[in-house]
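If you follow the hints, you should be able to join the two separate chains into one complex; please do so.
If you read the sequences in order, they're chains Y and Z. Just so you know, the working numbering puts 210 at position 210 of the first sequence, and the rest follows in order with no gaps. Each number in the working numbering comes from the position in the second sequence (counting from 1) with 524 added on.
The hints are all genuine.
The calculated DSS-like cross-link candidates involving lysine-lysine, where the alpha carbons are at most 27 Å apart (straight line), are: (1) Y/Lys-399 with Y/Lys-445; (2) Z/Lys-770 with Y/Lys-399; (3) Z/Lys-770 with Y/Lys-445; (4) Z/Lys-827 with Y/Lys-140; (5) Y/Lys-134 with Z/Lys-827; (6) Y/Lys-397 with Z/Lys-968.
In silico negatives: residues of chain Y with every beta carbon more than 10 Å from chain Z: (7) Leu-62; (8) Ile-98; (9) Thr-132; (10) Asn-165; (11) Ser-166; (12) Lys-195; (13) Glu-431; (14) Ala-474; (15) Ala-479; (16) Gln-487.
These are computed hints drawn from the structure, not numbers from a lab. Note that the structure is predicted; figures quoted are calculated from it, not measured. Quick reminder that beta carbons are idealized off the backbone N, C-alpha and C, glycines included.
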Amino acid sequence: MPTVVLMDVSLSMTRPVQLDGTEEFQRKNLAVHGLTMLFEHMATNYRLEFTALVAFSSLWELMVPFTRDYNTLQEALNNLEDYDKTCLEPALQGVSNIVQQEWGSTCPCQVVLVTDGSLGIGRGSLRHSLSTIKHRSEDKKFPLPFPFPAKLYIMCIANAEELQNSDTLDNLEQLLSLNGGEGQIFTVEGPLCLKNVQSLFGKLIDQAYTPFHAVLRCGNLSSDVQVFPRPEPVIMDEEVDPAPRTILTDLEIVGFIEIGDISSPPVLSRHLVLPIAVNKGFLGPTFMGTGTTDETEEENSANQMAGKSPNFCVLLHGSLKVEGMVALVQLGPEWYGMLYSQADSKKKSNLMMSLFEPGPEPLPWLGKVSQLGPTSDAKENPYGEDDSKSPFPLQPKSKRSYAQNVTVWIKPSGLQTDVQKILRNARKLPEKTQTFYKELNRLRKAALAFGFWDLLKGVADLLERECTLLPDTAHPDAAFQLSHAAQQLKLASTGDSQYAAFDHNITPMLTDFSGSGSSDRDRM
Amino acid sequence: MKMFSISHKTAFVVDHCPYMAESCRQQVEFDMLTKNRPQGVIPLAPVSKSLWTCAVECSMEYCRILYDIYPTRKLVNFIVSDSEFHILNSWNQADQSTQELMAALAAVGPPNPHEDPECCSILHGLMAAVESLCKITEYQHEARTTLMDKADRVSNRGRIICITNAKSDTHVRMLEDYVQETIQEQNKLAISSDRLMQIQQCELVLIHTYPFGEETLVSDRPKKEISPVLTSEVHSVRAGRHLASKLNILVQQHFDLASTTITNIPMKPTLNVCDQEEQHANTSANYDVELLHHRDAHMEFIKSGTTSRDSGLKETVTLKWCTPRTNSVELHFCTGAYRISPVDVNSRPSSCLTNFLLNGRSVLLEQPRKSGSKVISHMLSSHGGEIFLHVLNCTRSTLEDPPSISEGCGGRVTDYRITDFGEFMRENRLTPFPDVQGSEVAGKVPLERAKRQLERHTRYWPMIISQTTIFNMQAVVPLASLIVKESLTEEDVLTCQKTIYNLVDMERKNDPLPISTVGTRGKGPKRDEQYRIMWNELETLVRTHMGSSERHQRVLDCVLACRSKPPEEEDRKKRGRKREDREDKGEKNGKDSESERSWQESERLKAALERDREELAEAEVIKDSPDSPEPLNKKPRLEVEDVQPAEKAKGPVSLLTMWTNRINTANSRKHQEFAGRVNSVNNKAELYQHLKDENGMDPHENGKAMR
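Here chain Z stands alone, though its shape is the one from the complex (with noise of 0.2 Å):
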């Protein structure tokens, strides 16, 4: 449906001449009989509505469903006439809801049965409506706007749609010679005008009702072209449930829509689709509720040309209900999603399903079959209070049996930092933000700010863990974290400096660090090698937000300026292994004193830095990157911890004598130990042990057998 069709705009004329006050005839009992009443109580009479109030709450009835199935873009303007007209709303999208159209109504009231009908006409209110289809709505004139020269474009259609009683048919012509005049005379003064428009095509839609049970004095007549503009048609129809089914039929014409019977519906207590205040609550049975939404949802029906006609007139596709068994999510190949209308919106049946749906729940629905296989074709769900038919792919897939991803390119690594992946996308997740005018102009535009982010988070993010250091380390975590972002204060400077100063400390400590050893034969590099590596990287990282902010400059400075190593350092390292065997000590009076020395330390530490910051910063020469493979170590292994037995270790065990000792056990338990190693003194075993027991112990023996 292109966006400025007939549709776009619906005038609506009901007339609200004295004679529409009279009775449609079909009476409505509203007082029944119910158990538990005292006998003997006669009924209230039935009560009867007048045409006035048929024809209101059928054109309601359709603007719901218009409303419900496009909220947007297909407006309606409600005219009413009787000595003069009455219009109820514009075509500003802020008046487009039922609720609004029924205040109005409730203003205007029912019509005066004792107005003289000789001043009132149906003419007024046509008048009123071409008046109004002149009328430019905001969609159009956006789109004007937008297309500048070539506004002329966008077009100007329309549709009447009028319920009234007319005399005759000649009646009728009289109207509509009436409409075409009035569009002739209505183009002319739009021509001069910014804020109108040309009709360039009018459909009007003439409803001629009229009490149950008299003869009608109009003939039904199907569209015809009155003119190039207008073309007209005469639906002629007793008021009541008949006007409304015809105005059913209408809007189903008019924009589009096709019919959808849910079938199946089980309305059972403990499947909590209803609520259990009603008297049928205990009775369980399968309900039906037909839905109406865009005919497209059915493409598949009509190509195929398997949609069934129920009775008559009306045509809809029974699709079965499937009680959703869980809740989990799941991502459907859903090919159309279309909002939905229920036609009987407040019936019991159509009330469970609605809230059952609203209630965030959704149900698949299966095409009835006599034989084979169940297909699923559909899908209601809800998203954000509004109900959507969607349509499931259910024919075989073109992409069926794909090569799976580990076979392609990448498909072999193993170690993807699938997890840490996994935060970043976390991080990176959008959320909406109201739509602000003129945040294009100051490059505010969230989903631009949302690319940025991503371009910041990721300008330095190995995708494997054993290309990286720092992101193995829980240490790392607060200044990597923090240094992506667009702009640091002065507080987050000060978190990353305490990052960084963390780290001196570990190196002070010599604690072991996660470098992987991956692809390498042996223990990797050694300690200090490592952690040349850490700081490598970690500049790398800063290195790369360092234009960002002169606070990111702040974090690299003193990144380059911990990283050195000033001459002292060998005396400290030394220094600072004494006093780790003090903390170890120590460490049982408790934490915080540990913590707090620390600080002091690195406090100490920072003021002696910055001192030196500037020359130490320049004298600091990048050699390598993380990237290149680091040389292998080809000093002996003198490593003082390496060498050291685990029995001579004074102090806590080494994590490497830990290691070893678990893998001995854990293999120790998986195969049956040499004999000769069960036996062993010493890790060493007496080989042809027997023959010394034949020799030796011979005799022995046989001096017991000689005995």
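Okay, chain Y solo, but in the shape it has when bound (with noise of 0.2 Å):
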């Protein structure tokens, strides 16, 4: 999920800050210290996050693009100038604007909006924006809701009582629930200073960037994994009950799958599996991550004696790549996802997890994957000795229209197609007796259906006028069928329930020719 950090840098950004017996601070300082401590934090736990920098006054600019290079974006921070007033809207068009040429509109986003709680007065305000919102012609839409799924944190360096002075906190709820209700707005508790500004970014950290631990099992082999990104909650709209979902934390691999048989399903989303040693010590949020050179040092013996011990995941991972198979993963009640290899172009290979819909059923092809049981258990191997079989695709019930040569008649040519085919073989009787009578009765079945019986008497005049035309050559079996279809499908045309009965079919006449005619009905 990659992030948008939003800084504002308005002049008023710039109000020192009373700070009893220190240096004087001004705001933009506090939240420069608050977001080095984000990046700090990311660039140690949270370092495959993609983040980008925009800055904004009365025009917004891309500071730093989407990158993970986090000493690049330190350095930006730490440059940033002082502009004039703070305008909200455009520089939220252009965080929608930035995300949508990255990651399209699909990728979840989050964005972190810093900012003095100062939203500006009149035009380009904040609350201008918001009570001009339904007064907007379709291409001046105010940007918010974004067109991806977005997180909104708005961390004000302000706290909540100044801010309950002006109409702020109201115009930035007013924000959020424009936002769906996704993310949360940040406000410093107690006095302005370092410490209470790094808590209120600790509890950001703590909101959205710890990073997800869990122990991915496979009955008694297991290794300590995190998860990245985040797999974030998901809610089911079909649900009486929506409640949001969350994944375990005890990954449990139910079992193997062929990478054929599972193809290409649809998933709600994608992540990494890394190992981790958990004696490394950061299980949970750190904050600090101020790496002195021996603790780094101490990192990578670390890192080296881990991977040196053998390691479930990278076993897993080598023998799904070998073999082209994926293993089916429970991710909580009737819930499950998948892992298997996934190469980049640079031919380094990861670990990769999928997690389907939720719901007993995620793949229509599979089942219910309650249903699925070891092969063991079957009468016969269902891959077959030399497996060279696949229980998969199942099988659904009933057929699909185009699967099963169904007639339609909306467009004419449908119905001359139908006429021709039973002409064409009409010509070749008696060699086609069964291809003409088959056509015979599905145009006589679909006649019924739609009460088109005067296509049935058309179509009888038809056959009967073949008939007259036959060659001398002809065998002399091919006028008797035509004359007895004709006659049956005048018949049905009457609508008398002995001959047009629907599940009744025109059978061929028994005729008694020596030759190919009986050969013919041999065949039947």
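The following block contains the structure:
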């Protein structure tokens, strides 16, 4: 989940903060301090996160495009200049554009807005934007809700008391509800000082940037893992009682399936599964990433040690890759996902986990997941002794229209094609007796269902005429079959229940001609 | 779409009154002139569909699309109305198919134009439709029973689609009022019934249809609220293709569908996309096929506002066919998969496309762009006879350039048992089992059994080759694959015992074991030490399963009995070695006799061991596990076979000698041999030969020169 830090660099951010006995701070300095802490945390514990830095006042500027290089972000943060007034709406529009350009409109994002809570006055202020929100034309819509799923975290470098004097909090809450309630407003508790700003950003880190740790199990084999990005709770729309569902920290493998059998299933999200060494001690949130040289060296050697002791994830990854299989993993009650090896272009590969939609039957071609069992329980190996078969995909109970030769005559061409098929076969009687009657019965059934009796009469006439046009060389059986078929269609077109029954089929006339005629009957 | 939304239940009411027998006045030529026809044949007069035929085939088309895209949970109840109502099917899932409806329609037949129009009315059908909407469906029933006390949260909404020929706008209003009244009446009845539910919301879609060339007597009207429960809309359309396209638009609106046109589909015979039966087979051209599917498949386009409007009302997204190059299976990052239904199901291009997909090929679809790189955004693929439109992720991935797995924990280890684990995964593949009622109670939920099997199979599973001996030995395979079973047969126990006796035999013969020497200097542990490690490991494996059954316990007993060393073992060892020599000679006589002998031997051994089993098992104390490192061998290396030089060895060369020789020859190829060594005698080269030469030979040389 990429992050955009939206930093307020308006003049009001330079307001000094009264502190006893220490050097004078601006609110901006406090904000920079807090963000520094966030960046340091991410660099150590969340380093795969892409982050961009946008500064705004009346204009906005992308200071650092999405990157994992936290030094660059830090540097840009330290060199921010001061500008004029706060205009939030164009800045949010900017964020929306930047994210869509980079990640499209389906990738969930986090927006961290850092401001002092003075959101401008008059035109361009947030209050003004919100009051005009209902009177916008299509092309000037308010940027929220974002087209992509987004969490909006608003970091106020101000405490709740001072914000209460204005309508700032109301406006910010309105902003959150525009975003579908996704996100949170954080304010400084107590006086503005470095320590309280630290705890402010600490709360954000706890809320949004704690790594997700889990145990991956396969029977008695297991490994501690970090799942990145963090799987977010999912709310199912179809449920009578919608409650957010979170994935378990105990990920249990339930069995294995070939890649060809699972065949590109739709997934909610994808996550890297990275094995971790638990005794390294960064379980849980760690705010201070002040990596002194000693610590990093220690960490390096710890890494090396961890690299040398066998890990289940690596074994699993290797075998999944070699065998071309996926592991089905249980994420919660009636919720499943899959583990597989994912290679990028640079020949690096990784263990990846995709989450299916929660529910007992996420993929129609697998059926109910709870009904999947070990092959050894089956009477006969469903994969065949030589691995030539597969029990998947599961066949649905009924066939779809395109798989069962349905009759549709809405366009004249549909009807014409069907009549042509009968005629073509009629000219090749008696060789094509089978297909001739098959097509004839198909037409008959449809005509009866649609109450299209005129067509039955018409086709009967057509067959009778065809009979008269038979060349002298024609097999005598052809004439018999054509007039027999024509007569049967005529009877059906009367609606007489004896001849117009839907399930009735016109069968070839029994004739006794030596040669091809009899051999044709043998084939019936 | 919520599960019990309005589209859960659709009641179709089609007018079957005498005036519906009227012609729609659009003629269909069915006697087409084709080539190789004799000249002068007058084609037969075209036929014309009745209003009824038009209404029925269009509503069947509506159902066809609906069932293709929602095979379950979206239900249709089909009713026809004349002097009474005829209900053609029920809400039951089993009744939901076009074949069922076609058969029922054939039984009804076309309207009788001679029936008294006064007795016939669409009202009978509308009443039946309202009654039917009150009836509970199996899905509603299931939801209500699972929710128990919150059963009232299950909602009951529905839609009535009525195709009729109305007299006037006043007539239409009368129909609406009638539906409203009937809903009120039926809702009262529903309160006191278990099998009925009150209608909370009903959408009435009235379609007035009339023959081509006539003026309409009814005006279109958009959706309007008649009451809090009932909304109504009126569509006035000419019969025939106008009615068909109206119902096509309606099915898209009612079920949140969208349209995609696949363009540039090549239909060349070489591609095997289509059969060559038809007359166009030798021409090759590119075709378009329009598909319907859930509109979420267009999420990306909807959000970015790039859906293209084709003509007037029709909105479709065009995607370009990419000819598949390989058949390789690949796991695409796919964010959605939606069932499709072709708009023109039996047209040639449609059926070519669907048959191609049903045969198991997948087709990637590309966004048509005027410039820039190509973007593959969708894929068509069939699963078990159903075709799905997959949405592929085509934006930058947030997971790009991750650290490789080899850089993380356990990444430096190189001897993982990858192949063995692959075998393990194959054994633990899943397979679907039929859903049998009451299986949960018996603890036989297949998935739970799968988990239990994984647990059994991993009780002892070393991850790397150097951690294990037994799993590197072919001889242990029969036992290792049987012991993990939930239950053993008598035969299985016998196989396990045979495996163990075989190991005893190997030990007696002093066969080498594949003990890993990784991390140890020198040759590693001695032979009998190796066997101790092997037996320890085997015991650990079998011990983890001893609780499974009495037969598992017997296998453990056998291991314990066999691995112990009775006092006379040393003797036996010696005898065994002699016999080995004999066997080597006798090997040419045939392996059968040998195996038989060893079998007899083990039988005898078994009998002997059986007697002492109890006490021996007790006497055995497991001192170490295979996990703990073995103490290094401190004894001087006096093992006979090790010291024995190869030249002196009688009988076959030892493995060590073979290996050393091999390495030596391999090494010798890699470098030019020292001149000294090449010229050496008995591995001794004389130094300063040139001095000798100079001194000794000089006179000779000089002499020559002097000469």
